[in-house]
Structure formats: structure tokens, C-alpha cells
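Generate coordinates for the entire structure from the input sequences, incorporating the hints supplied.
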Amino acid sequence: MKGILSVIAFLGITLHSFSQTPILNSYPQAKATVFLDFDGQSVRGTAWNWDGPIQAASSGFSPEAITEIFNRVAEDYRIFNINITTDSTVFFAAPATKRTRVIVTPTWEWYAKKVGGISYVSSMKWGDDTPAWVFSSLLGNRVQSVADCISHEAGHTLGLQHQSVWDAACVKTKEYAEGKGTGQIGWGPLMGVSYDKNLSTWHTGTNAKSCTTIQNDIEVIAKYIGLRDDEHAATLNEATPITMMGSEFAATGIINTEADRDVFSFRVHSTARFRIRANPQSIGPANEGANLDIKVSLLDNLGDTVGRYNPAELLNAGVDSILNTGNYFLVVDGVGNTNLSDYASLGYYAVTGSIAQALPVYRFHLTGRISNNQHFFNWVYDTDEPIKTINLQYSADGVHFSNLVDAGTNKKQFSWTPSSQDRLYYRAQAITVADERAYYSNVVTLQPAASEDIKLHSNLIGNAIEVTTGKVYAYQLMDATGRLLQQGKVAAGYNRIEVYGTQRGVLLLRLQAENEVHSEKLIKQ
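Using this note's numbering, the final residue of the sequence shown is 525, and nothing's skipped along the way.
Some hints here could point you the wrong way.
Stated by the list, open to error - Below, a list of computed lysine to any residue pairs in the SDA-like style, where the Cα atoms sit at most 20 Å apart:
1. K31 x S122
2. K521 x R510
3. K455 x Y425
4. K223 x K180
5. K388 x S419
6. K489 x P63
7. K412 x V444
8. K98 x L227
9. K388 x Y425
10. K209 x Y176
11. K388 x R437
12. K295 x H269
13. K31 x N81
14. K113 x A57
These are calculated hints, taken from the structure and not from any lab test.
Given below as C-alpha cells:
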């Protein structure tokens with residue numbers, strides 16, 4: 001069972017009853033299955049029924065919250081040959097000794113002890129559908145805590161004991177091993193205490209049985225259900241070629257063992273600017289809910305290292321470099337950090353990037369923010385040629401831009417107060433001295449927070465896009481070339497847009513209502 005610690009008391013949120021649980025599957029081809037049961041359950045004839053039937057109430061979580069919980073748990077089990085599902089029909093179709101139901105419910109009184117969850121060790125193997133339990137109300141209905149507890153209790157059913165702490169005299173000092181660190185790289189062990197840490201992963205260490213019993217969580221689980229097959233080779237000779245879509249590309253994969261690395265190959269046909277961003281699977285900004293700390297390495301055609309990129313305080317990594325003509329390799333690896341061991345730095349990732357002809361003005365980046373209705377801007381750039389001037393431009397539609405101010409070459413910041421509270425688009429324009437050609441920064445969109453009513457649940461999608469909006473929008477889904485794939489409308493509230501027959505890669509979602517246009521870049525896995 002999993003203790004609630006101090007997180008119970010002050011983590012309450014308001015829940016509403018919803019009649020429908022979103023149907024979600026993480027790896028449908030797997031036989032082993034963990035069913036996340038959110039809608040209530042009558043439990044009879046199990047090892048839990050010492051006082052008769054148990055009527056477990058619905059969790060009360062919204063579809064949005066259920067989806068986040070599912071995504072967190074799915075990522076914890078991403079490396080294994082197992083399907084995390086919210087579909088009871090998938091659960092019942094799985095072999096009896098390869099399935100577990102985890103009931104998420106506020107109904108805990110029958111157990112009489114205030115704990116976050118309970119389960120029997122190795123109960124998946126029993127074949128009698130004895131469920132595991134997560135008591136959401138005792139976890140303050142906090143989504144992250146519920147997700148971590150589900151992964152923990154499901155881990156018990158697969159044979160895991162607690163990760164515990166023992167002193168030099170073999171006296172147990174903590175039933176639940178704790179993590180360390182804060183921010184993106186704060187870490188905690190799933191079979192110990194991980195509720196307040198961004199990284200919650202499997203661990204190898206002393207378990208609850210004795211000070212000499214070392215439990216390798218991944219090894220124990222994999223021995224029963226196996227690991228997923230590796231999608232990309234780890235050698236240069238077997239590197240996966242990167243498929244270009246114009247000047248852009250995208251790739252995905254899973255780092256599923258400590259020794260695993262994924263190698264990709266590409267060619268630069270003439271001196272070009274090479275940019276990539278490698279992101280771990282996450283459920284929100286700042287790599288929230290990720291399990292993988294990414295290092296990317298750039299190698300030349302001989303396998304010599306051009307550069308290694310692994311920001312110390314971030315889980316994602318990026319490259320921005322000028323490359324000469326030639327063949328190159330990109331290596332994606334999971335690594336440890338000051339809190340997380342290399343052992344547990346595993347999971348799904350997506351790489352997006354571009355190979356574009358080198359320009360005299362590069363790393364041209366504009367940032368903007370709003371404070372008290374005033375718009376503030378800063379810009380930076382590198383150049384191989386003298387700059388005549390920098391213009392800051394604005395647009396009401398993101399297409400037609402007008403000059404806002406000629407900032408010259410000495411200023412790198414500007415502020416003003418627009419006359420309206422409408423959404424505005426901004427970009428910086430650099431004019432070179434030599435040929436007076438124009439080069440442009442990225443586009444920044446600013447509008448008052450009160451009118452922002454679109455939340456994209458994740459930029460990484462499978463067969464559906466999940467988005468929550470404050471009103472009705474017409475949508476268009478396009479591929480990287482601008483080809484229209486499908487269109488329709490989304491209602492106010494939670495929406496699930498099914499994506500049909502689309503290849504993996506970069507997609508563009510365009511949402512429009514009245515004079516508003518929102519665009520979001522997606523990566524289809």
C-alpha cells in the first residue's frame with residue numbers, strides 16, 4: 001500500500017460528475033493490460049471482501065483530468081510490453097493472468113485506514129481479477145498524486161515491493177524511499193515517495209524486505225511482461241534515415257533501457273543552419289510529467305563528435321549550428337542528472353528540426369510579454385554582415401504586417417501600449433547594409449490573458465487531438481505542406497478530434513472564430 005504523507009490535507013480541488021470516460025489506450029497490441037477504472041465499481045468475491053460487497057463510487061474526475069492521469073501512467077509504463085487503458089472491453093479481452101484493474105475512487109472507509117492506495121503484491125498473476133485501489137479523496141484529488149499512486153499500486157500487482165531505506169545496522173529507517181531536487185529535474189522513486197517531484201520513475205535499491213535485498217524495478221516487471229521492441233538502432237551502420245518534409249523533419253522514439261540510444265542519419269547538401277529540439281513526452285509546460293532527460297549528440301560521417309547538448313537544469317535538449325556539406329548522425333540518449341540516475345532516464349521523445357540554407361542573419365529571436373496592458377519586447381540576433389536597421393512590425397491577422405518602430409541597430413528592446421485589447425502578432429525585421437535584403441525573426445503573439453481560452457493538452461498526438469476551448473471554433477488540420485487533411489468544429493469545453501489516416505510527422509491545427517485565428521504545431525507519433 002502507499003502512504004499518503006502530508007500531501008493529503010491541503011490538496012483538495014472541486015470535482016464534477018461526468019458520465020463518460022474518454023477511451024484511451026497506450027499500446028493496444030500488448031496482451032498485458034492495466035485498466036484504469038474511474039467510473040465506480042461493485043466489487044465482490046475478492047480478497048478485499050472480508051466485510052461483504054464494496055460499492056466504490058465514481059472518481060468524479062473530468063475527462064480532461066482522466067486524460068492527464070492516463071498520460072502520466074502511460075509514460076511510466078511506456079518501456080514495457082503493456083497497455084494502459086480506460087476501456088473495460090480491452091481489459092476483459094486480456095488474458096486473466098496478464099491484467100489488473102486499478103479502481104480510482106473516493107470510497108476508502110471500508111478499508112478503515114487512511115492510505116493513498118492498496119494492492120496485493122503479484123496479484124496480476126492470480127488470474128482472479130483482484131483489483132488494486134487508489135483512494136483519490138485521500139490524495140486530495142490531485143492529478144499527479146493519483147497518477148503516481150496508480151503506477152505504484154500497479155507496480156505491486158506486477159511483483160514490486162516498496163523501495164525502502166535502511167541504516168548501517170540493518171534497521172529500516174523509512175518504509176518509502178524519498179527523492180531529491182526541485183524543478184524539472186526533481187526526482188522521486190515510484191515505489192517510494194514521488195508525489196511532489198516532476199520526475200517519478202522506476203528505481204533500483206533496497207526494498208522493504210531487507211537491507212540486503214536489492215530490487216531492480218524494471219527487471220522485475222520486464223521478467224513478467226517484457227520490454228517493448230526498440231524502434232531505432234544504436235549503431236551508425238544501422239542509423240534510421242531522417243525523412244525531410246521540405247526543410248523540416250520530425251522523428252520519434254523510445255529510450256527503453258539504460259544502454260539504449262537511437263541513431264539517425266541525414267545529409268547536408270550545402271552549408272546550412274541545422275536546428276533541432278528534442279523533447280521528452282510530457283503533459284504540460286516545463287516538461288511536466290516527463291521521465292526522460294535527453295542528451296543529443298551530433299556526429300560527422302566518421303563518427304567523430306561535433307557537439308553534445310544536455311542542459312543541466314532541463315530535460316529537453318536542442319541544437320542550433322551551421323553545418324558544412326556532408327553526412328551526419330544525430331544520437332538521442334537518456335542520461336542522468338544530479339537527482340536522477342541514468343538507470344531510470346527512459347521514455348518517449350519527439351525530435352523536430354530543420355535544415356535551412358545558411359543566412360547572413362541567424363539566431364534572430366523575438367520575445368514579448370504583457371504587463372498592465374503594455375507590450376514589452378526584446379530581440380537578439382547574430383549576423384555575418386552589417387545591419388542597416390531593425391524594424392519591429394505588428395499585424396492583426398498574422399499575415400499582413402506593418403512597421404511599428406524603426407529601432408536602428410543599437411536598441412534591442414521596445415515597449416508600447418496598443419489602443420485595443422485585441423490579439424496582435426509581432427515580428428522583427430533586419431535590413432542588411434550590403435543588399436538591403438530583409439530577414440525576419442519568429443512571430444510573437446500577444447493578447448490579454450482573459451481572452452486566451454484555448455488549451456491544447458499536448459503537442460504530441462496519436463490518433464486524436466485533445467483541446468479545451470472557451471467557445472465554438474472552426475478547425476482545420478493540415479500537414480507540413482499546408483495540405484488540408486480534415487476540418488470541422490469544436491464545441492466549448494473538452495474536445496477530442498479523431499485524426500484519420502495521417503502519417504507520422506508535423507501537422508498544423510488552425511482554430512478560427514470571428515476575427516480570431518489560432519495556430520498550433522503538432523507532432524503525430
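Hints not upheld, ascending by number
Violated hints (numbers, rising): 4, 5, 9, 12; every other hint is consistent with the structure.
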